[in-house]
Every structure is written in structure tokens, then in C-alpha cells.
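Quick note: the sequence shown, position 396, residue 394 per the numbering used here, numbers continuous.
Taking lysine-lysine pairs in the DSS-like style, the calculated list, with each CA pair at most 30 Å apart, reads:
| hint | residue 1 | residue 2 |
| --- | --- | --- |
| 1 | 370 | 297 |
| 2 | 370 | 387 |
| 3 | 117 | 41 |
| 4 | 314 | 176 |
| 5 | 136 | 176 |
| 6 | 74 | 370 |
| 7 | 74 | 117 |
| 8 | 238 | 139 |
Simulated from the structure, these hints should not be mistaken for laboratory data.
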Amino acid sequence: MASAALTGHFTTKLIPKTGSLSVVYIKSAPYSSDGKVNLAAYKRGTGGRSSFNGIVATIFGASGFVGRYVCNKLGKIGTQMIIPYRSDFYDSQRLKVCGDLGQVLFTPYDLRDEESIAKAVRHSNVVINLVGRDYETKNFKFQDVHVDGARRLARICREMGVERFIHLSYLNAEENPKPLVLRKPSMFKISKYLGECAVKEEFPTATIIRASDIYGSEDRFIRYFASGWRIHGQFLTLYKAGMETVKQPVFVSDVAQGIVNAARDPDTRCQVYQAIGPKRYLLADLVDWFYKLMRKDEKWGYRRFDMKYDPILPIKVMAINMLSPGYPFGNVSWEAIEKESTTDVVNPQCPTLMDLGVNLTQIEDQAPWELKPFRAYQYYIDQVGEFPKPDPPKVQC
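Using the sequences and the hints, build the whole thing.
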């Protein structure tokens, strides 16, 4: 690991044996908030998980899908992490092994409790906001999480002297989205857009990362379509049969690496990055390929058609939201269906993960492994070549 860039001054030192003068560099130690020298802030070690790279990061939303990957990658490079948690401590305790002994600390917090937030960020120079919600509950609406919560975090971080604030947003967030499936504009998209504006107002040098649909282990994209809650037996209905929706999904490890690279690069201040995959696909082709990988093709009985001809879907969504214990089973809700039906709009003026030095993962290399547990006839021992490898989906321009 490269030595730390510390401020200091040159002076001369008398060498007793020779009587000559030698020029030496005296380092000035970093200072804590109370003005005292903070020797613990020095970079030390040779790099890796058992070192300290000088970054103390607070990760809000660390126990979520993206947060677990971010914590692991930060721990690998010797970052000291502070992980606020709002649920049972044991839901977050497994993140302790992401870093070396004593490098991963936990503190309880509530998104509406400013004192607990200030306590979580008071010793940090980097704060990462991964708090998000795909559905609303009786306690937290989209406005509470994506707008008010993001504004509160950004404001407190600025007041506590945090150097870097990184905020994860949504690629298709906009102020006035056109409704596709819903009868009114999506509050998920609107709240994500307003959340970006709030963060920029409270923390002008914040780094915004707009992510497309993120896939990976325990995701809500590949497993969402593979779930029995989304498909009716053997019939899957999509907005306009998926023929007018183009997706550019991104691997979760790539998003996490982009966040880590942004935290280490001061030139990413005030920037907005698009977290998108390397290729664009028609949703119809993508979903058909998923089911072929699961050995659930037309011979199995798989059929895909336009959801406007589907009388079962509205009943299913209503039943799921009535019976669900605080969250929709399989993540099936009208907001999720609206999100799945939205075409990813990429702004050519905004940089992407590749500008952060991330080597993007191809979904053709990852999806077969992710869908292996969902295969039909899972316990059937097939012969070599009995099930031909399906052709990947066509790439859209």
C-alpha cells in the first residue's frame, strides 16, 4: 500500500557521531474534532484487510442487498467501518467479519432520530447512504425514506464535518414520470429524484450514483422474475409483453466497487455517475432467456403475453398486499411492476462505472449461476449435453 499523503514540514537534524546536519521531514498528525492529535487516523499496514487505509466510513443501509457487498469490499482494503442498525443487532452482526478485529463497529440508530445519526457519523470522513425502500409501509413512506431521510443524513453529515457523502439513487428517477402500469406517476421514481435534489442542497459536494436494476445473490431482479409469486403457474405477463421495455441491468459487485472507488477518489466530488451494465436487452428476450436457463421453456409450458389480457394479476397483487406481513411476498407490488416496465434511459453526458475504473460483469456469465437453484426437475441427474445451453438474449443498440 502506498504511503499516506500527510502534511508536515522539513527541518534539519544534527547527527551526533558525524557532526553533520541532515534534512528530515516532520509529519504533522491528523487532528480530531476536539483539536487533539489523533494518531489512530494515520494510515498503517501493508494493505489488505489487516491494514488501515485512513478511511473511517459510516454505511447506512449496510445490512441491505448492496450494503453487504460494499462492506466486504471496504473491509478488504482496510477501512474502518461504522454500521448503524435499526432492527435486531443480530441481523447486522454477520458484517463484523468483513473487516479485521476492531475495525467494524455497530451503533443503533433511527432514520428520524438526529442524535443517533450524529453519533454514527461524528468520527467518519466518508458516509455512504444506501437506505432505500421498494415498497411503502405504515411507518415509512417513500417520502420518509428517500427524501426526508436522505436530507436529514446529508445535513447532519455536513454539520458534523464529514468530508465525503455518497448517495445511491435510481437511474430512471425523474420529477414527472409517465405512468405505464399505474394510474398515477410512480412515487418511487419521484421520491428518488427529490431525494437527489435534497442531498445536493444539503451536501453540495456529494457524489450521486444512479443505479439501474441490480442483480446478484438475493437480488430483486433475476429472482423476482423467477419467483412463483410473479408467474401464474406457467404463464408470465409483462407490460406490452416486454416488447417495448429495454433494460441495462448491472451486477451488484460492480455497483459496490464503484462506490468504493468513488470513496477513495476525491475527484468524484459533485459528480453524478450512472451504474449500468455493459449491454442493453429487450425485457422479453431477457426473461425468456432466464426461463430457458431454468429449463422452463415452451416444452415445460412457459408462455409470455401482454398483462392487459391478464385478469389474475390485479387479484394477485391485491391479495399479496392484504396478506403480506409488512412487505409484499416476492416483492410483487404495483410499484415493482411499474419499475420492471420502465425502460432504462441513459444520459450520454453522465459518466458511468467504467469512468470509476470498474470492469463490468457480463450478465451472460453470471445469470446461469444465479438461476441454478430455480431449475425445473432439480433432482434429475441429467446426462452431458442432454439440456443444450440456451443462446443469450440479443443485445439492443
